[in-house]
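Chain by chain, the residues:
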Amino acid sequence: MKPLDCPLPIVDTETILLGHGSGGKLTAELFRSVFLPAFDNPVLNRMDDQAQLEIGNMRLAFTTDSFVVKPLIFRGGDIGSLAVNGTVNDLSVGGAKPLFISAAFILEEGLPMETLRRVVNSMREAAARAGVQIVTGDTKVVEKGSCDGMFINTAGIGLMRSDLHLSADQARPGDVVLLSGPIGDHGIAILAEREGLSFETDMASDTASLYPLVADMLSTGAPLRCMRDPTRGGVASACNEIAQTSGVGIQLYEEAIPVRAEVRGACELLGIDPLYIANEGKLLAIASPETAELVLAAMHKNQLGEGAAVIGQVTTENRGLVTLRTSLGTVRVVDMMANDPLPRIC
Amino acid sequence: MKYLDEYRDARIVKGLLETIRRKVTRHWVLMEICGGQTHTIMRYGLDELLPPQIELVHGPGCPVCVTPASILDRAIDLAQREDITLVTYGDMLRVPGSRLDLFSAKARGADVRMVYSPLDALRIARLNPQRKVVFLAVGFETTAPANAMAVWQASRERLDNFYLLASHVLVPPAIRALVSSPENRVQGFIAPGHVCTVVGCKDYEDLVQDYNVPIVVGGFEPVDLLQAISVLVTLLEQGHPEFANEYPRSVSYRGNVEAQRILEEVFEVADQSWRGLGEIPLSGFRLREKFAAYDADKVFALNIQESDAPEVCISAEILRGLKKPTDCSAFGVACTPESPLGAPMVSSEGACSAYYQYRRHSLVTIQ
Numbered sequence: 002m003k004p005l006d007c008p009l010p011i012v013d014t015e016t017i018l019l020g021h022g023s024g025g026k027l028t029a030e031l032f033r034s035v036f037l038p039a040f041d042n043p044v045l046n047r048m049d050d051q052a053q054l055e056i057g058n059m060r061l062a063f064t065t066d067s068f069v070v071k072p073l074i075f076r077g078g079d080i081g082s083l084a085v086n087g088t089v090n091d092l093s094v095g096g097a098k099p100l101f102i103s104a105a106f107i108l109e110e111g112l113p114m115e116t117l118r119r120v121v122n123s124m125r126e127a128a129a130r131a132g133v134q135i136v137t138g139d140t141k142v143v144e145k146g147s148c149d150g151m152f153i154n155t156a157g158i159g160l161m162r163s164d165l166h167l168s169a170d171q172a173r174p175g176d177v178v179l180l181s182g183p184i185g186d187h188g189i190a191i192l193a194e195r196e197g198l199s200f201e202t203d204m205a206s207d208t209a210s211l212y213p214l215v216a217d218m219l220s221t222g223a224p225l226r227c228m229r230d231p232t233r234g235g236v237a238s239a240c241n242e243i244a245q246t247s248g249v250g251i252q253l254y255e256e257a258i259p260v261r262a263e264v265r266g267a268c269e270l271l272g273i274d275p276l277y278i279a280n281e282g283k284l285l286a287i288a289s290p291e292t293a294e295l296v297l298a299a300m301h302k303n304q305l306g307e308g309a310a311v312i313g314q315v316t317t318e319n320r321g322l323v324t325l326r327t328s329l330g331t332v333r334v335v336d337m338m339a340n341d342p343l344p345r346i347c
Numbered sequence: 172m173k174y175l176d177e178y179r180d181a182r183i184v185k186g187l188l189e190t191i192r193r194k195v196t197r198h199w200v201l202m203e204i205c206g207g208q209t210h211t212i213m214r215y216g217l218d219e220l221l222p223p224q225i226e227l228v229h230g231p232g233c234p235v236c237v238t239p240a241s242i243l244d245r246a247i248d249l250a251q252r253e254d255i256t257l258v259t260y261g262d263m264l265r266v267p268g269s270r271l272d273l274f275s276a277k278a279r280g281a282d283v284r285m286v287y288s289p290l291d292a293l294r295i296a297r298l299n300p301q302r303k304v305v306f307l308a309v310g311f312e313t314t315a316p317a318n319a320m321a322v323w324q325a326s327r328e329r330l331d332n333f334y335l336l337a338s339h340v341l342v343p344p345a346i347r348a349l350v351s352s353p354e355n356r357v358q359g360f361i362a363p364g365h366v367c368t369v370v371g372c373k374d375y376e377d378l379v380q381d382y383n384v385p386i387v388v389g390g391f392e393p394v395d396l397l398q399a400i401s402v403l404v405t406l407l408e409q410g411h412p413e414f415a416n417e418y419p420r421s422v423s424y425r426g427n428v429e430a431q432r433i434l435e436e437v438f439e440v441a442d443q444s445w446r447g448l449g450e451i452p453l454s455g456f457r458l459r460e461k462f463a464a465y466d467a468d469k470v471f472a473l474n475i476q477e478s479d480a481p482e483v484c485i486s487a488e489i490l491r492g493l494k495k496p497t498d499c500s501a502f503g504v505a506c507t508p509e510s511p512l513g514a515p516m517v518s519s520e521g522a523c524s525a526y527y528q529y530r531r532h533s534l535v536t537i538q
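These protein sequence lines are chains A and B, in that order.
Counting with this note's numbering, you get residues 2 to 347 for the letters of the first sequence.
Counting with this note's numbering, you get residues 172 to 538 for the letters of the second sequence.
It should be emphasised that the hints constitute simulated quantities derived from the structure, not laboratory data.
Treat the hints loosely; a few may be bogus.
Derived contacts from chain B toward chain A, CB cut-off under 7 Å, selection only [claimed, not checked]:
1) 186
2) 187
3) 188
4) 509
5) 529
6) 532
The following label-pair restraints were derived from C-beta to C-beta distances [as the list claims (entries may be wrong)]:
7) A/72 - B/408: 55 to 65 Å
8) B/431 - A/145: 40 to 50 Å
9) B/356 - A/295: 54 to 64 Å
10) A/119 - B/420: 45 to 55 Å
11) B/429 - A/22: 35 to 45 Å
12) A/76 - B/420: 27 to 37 Å
13) B/449 - A/119: 56 to 66 Å
Calculated Cβ distances over 10 Å to all of chain B for the following chain A residues [unchecked claim]:
14) 41
15) 55
16) 219
17) 253
18) 314
Glycine residues also receive a C-beta, built at the ideal position from the N, C-alpha and C atoms.
Using the sequences provided together with the hints, build the complete structure.
Encoded structure:
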């Protein structure tokens, strides 16, 4: 037999790859190697979904996000509702009450005015539902081919309670991992409409403002440790971030993680793990063991948390790693996503 | 979910493990051929649940892993040409050629697109008559019929801008190469259920006859695999090297006759180079002469240099079941899914990737 002609590793650092925007390992690597050293400051270094700022006696939460979803309009929402809810949620998971949002539009020459009107109207409705105002904005138009119909960039400001310190570094061994409902709805709804992957499903995106749910959880008075909305990279990546930042292990229970049958079916078909699929209206929370029941009860009372469940716990073993106890009782690693989930050959 | 939950049922799994435990009296080395089966074994930790006498080694049945780097170099070379759109399956995009992968080529401006089916590549060709659309077709007997169908359809429609860059591999010649090697340790095979769904069982019966080695067709869920292992253990313990089909809900004796017919019409069996196993006689498919106009190898002049091998990578031994990923000094250190040294770390079905994805906690404990 001829010896293996195995290729040298390819670590392309000269160009940006799509994986750098996947919310997984490459994104984290880009952040650590390019942005963090350049902008280094204590607020940014916390690496939370929102910056927490103290100005006089006020504590503000400040966040920004960009939306480049394709298709622009999908079952359950569109790029506009996604932009408002996504911004509101980044503030909410820090425990802040979202107040004001900015919206900057990058439009492609030739975009139908009807599409823009529809998106703007949907932003108006989403902002009203979330109790926020869109108070400033900007418009740029680029030549045909320079962007995909429409990109939206937002920023958001919210007001924080002075006694709240929710952060990814607060998880402690023994804490409980809570999830507000079934995962993967948004990602599957989007995948179903992508060119080349089209398949039929009734799945709609779960895009929603999480603030009402967060407010109900906070009103229990339970000292929550950390909250995340598991968007790109899914529950797996959100848990990995918390495990690494807090220096703890997180063990998830396969049988406890809610996944709709339609999403499971689509994932089986496409060879994708629902733990890595994006959600736009789900909340992941870490609570102390004593208060978990109280928080869970509050979640169940809110429509956004009807399907809430305890899905795992924080451990001293396997620090920095997320593991999954399978339905057969064995334990496997749930790694941070390396790249966008790729459809397999067979 | 029907047809899924019952094959992952913890009680049935426990029962099968107990049956295997009662039967086994000595050490047996079994190989699951297909990467999908390796994936299930690692995902559910089946190897940890089995009695210690059963050693599972992982076979060459990951199409991404055994695709030679040179075919990727050819695909990248084509993708970088102005007038060509290169279309392929998602997990081929990250497989390293000798200098680039298709993702990096795409980032540098090449027109590379991902599809689920070669028929989607055909659609791209129809919609873009000014582009030359090349479909990079890799895989075993499972993916070959759809690729054959795409070429057949293109020929029927007289499409003149669709081409196949094919690197197809066949399972039975690989099993022959493995068992006839003097280093072979494998005493029983779990045959790949999806491949047998297409080609049927005859070739595998012949292998049992020729080499006196038991072969059992297995599926891809925990219960399927443990059922196949249980039957293999019975055959080995009783000294009866026989063939059995333990995936009858998908595999029939004759297989998918329609698929075999289209394969026969479009492809002919040819020598094929495998990453890790080298050149194996009559172990692949190439397009028949009457479809030469669709053969990217013949239509486009390709000039590709062979690449050097990093000495540290042991994927050749891994793909032959001689070593485990954890025997490699580069595993998880110099070689990770983000910067793979060898193909088994690239595809999610590759053995190294499965160990890295699912087993790192035990490695951390060991360290």
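Hints, verified against the model:
1. 186: With a minimum Cβ separation of about 12 Å from chain A (threshold 7 Å), the hint on residue 186 of chain B is violated.
2. 187: violated, 11 Å
3. 188: violated, 9 Å
4. 509: Since the shortest Cβ distance to chain A is 5 Å, the answer is holds.
5. 529: holds, 4 Å
6. 532: holds, 5 Å
7. A/72 - B/408: 55 to 65 Å: holds, 57 Å
8. B/431 - A/145: 40 to 50 Å: holds, 48 Å
9. B/356 - A/295: 54 to 64 Å: holds, 57 Å
10. A/119 - B/420: 45 to 55 Å: Since the Cβ atoms of residue 119 of chain A and residue 420 of chain B sit about 47 Å apart, the hinted range of 45 to 55 Å holds.
11. B/429 - A/22: 35 to 45 Å: With a Cβ separation near 42 Å, residue 429 of chain B and residue 22 of chain A satisfy 35 to 45 Å, so the hint holds.
12. A/76 - B/420: 27 to 37 Å: holds, 33 Å
13. B/449 - A/119: 56 to 66 Å: With a Cβ separation near 58 Å, residue 449 of chain B and residue 119 of chain A satisfy 56 to 66 Å, so the hint holds.
14. 41: With a cut-off of 10 Å, residue 41 of chain A remains clear of chain B, as the shortest Cβ separation is near 24 Å.
15. 55: For residue 55 of chain A, whose nearest Cβ neighbour in chain B is about 38 Å away, the distance exceeds 10 Å, so it holds.
16. 219: holds, 34 Å
17. 253: Holds, since 13 Å exceeds 10 Å.
18. 314: holds, 15 Å
Going through the hint list in order, the structure does not satisfy hints 1, 2, 3.
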